[in-house]
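Q: Sequence:
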Amino acid sequence: QVLLVESGGGSVQAGGSLRLSCAASGRTFSTNAMGWFRQAPGKEREFVARINRNSAIKYYADSVKGRFTISRDNAKNTVYLQMNSLKPEDTAVYYCAVAVGATTYDYWGQGTQVTVSS
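Numbered according to this note's numbering, the sequence shown spans residues 2 to 119.
These are calculated hints, taken from the structure and not from any lab test. A portion of the hints provided could be inaccurate.
[Stated by the list, open to error] In silico DSSO-like cross-links for lysine-lysine, where the CA-CA straight-line distance does not exceed 27 Å:
(1) K66 <-> K77
(2) K59 <-> K44
(3) K44 <-> K77
(4) K59 <-> K88
(5) K59 <-> K77
(6) K88 <-> K44
(7) K88 <-> K66
No experiment lies behind these values; they were computed from the predicted model shown.
Whole structure, please, built from the sequences with the hints as guidance.
A: Shown next as structure tokens:
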């Protein structure tokens, strides 16, 4: 059974930092790109960042570019999201997912809550 578990969320003040982790089990995803998404209350889920299988290519949403960094450790089957200079508008549930296509994702985690207060 494939399982993705996000962790590292919490409550911080604006300007603070958090590091999210997404640990995968059940199979290796070292040959898959991985992505982070988020969903704020009352809003649709949105793309945050994506990293290819060997970490050579990374994509970011414009809203987080320069503040967030996606990385991965294939030996640990884990992907990370370092979030700096957090803003209240970053408040959301953050999810990781396995890319199965250019814009298609499967195997979603349960999410981790990030709350940024002003």
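Q: With reference to the structure, classify each hint as holding or not holding.
A: How the hints compare with the structure:
{"no.": "1", "hint": "K66 <-> K77", "in the structure": "holds (26 Å)"}
{"no.": "2", "hint": "K59 <-> K44", "in the structure": "holds (25 Å)"}
{"no.": "3", "hint": "K44 <-> K77", "in the structure": "violated (32 Å)"}
{"no.": "4", "hint": "K59 <-> K88", "in the structure": "holds (22 Å)"}
{"no.": "5", "hint": "K59 <-> K77", "in the structure": "holds (19 Å)"}
{"no.": "6", "hint": "K88 <-> K44", "in the structure": "holds (17 Å)"}
{"no.": "7", "hint": "K88 <-> K66", "in the structure": "holds (13 Å)"}
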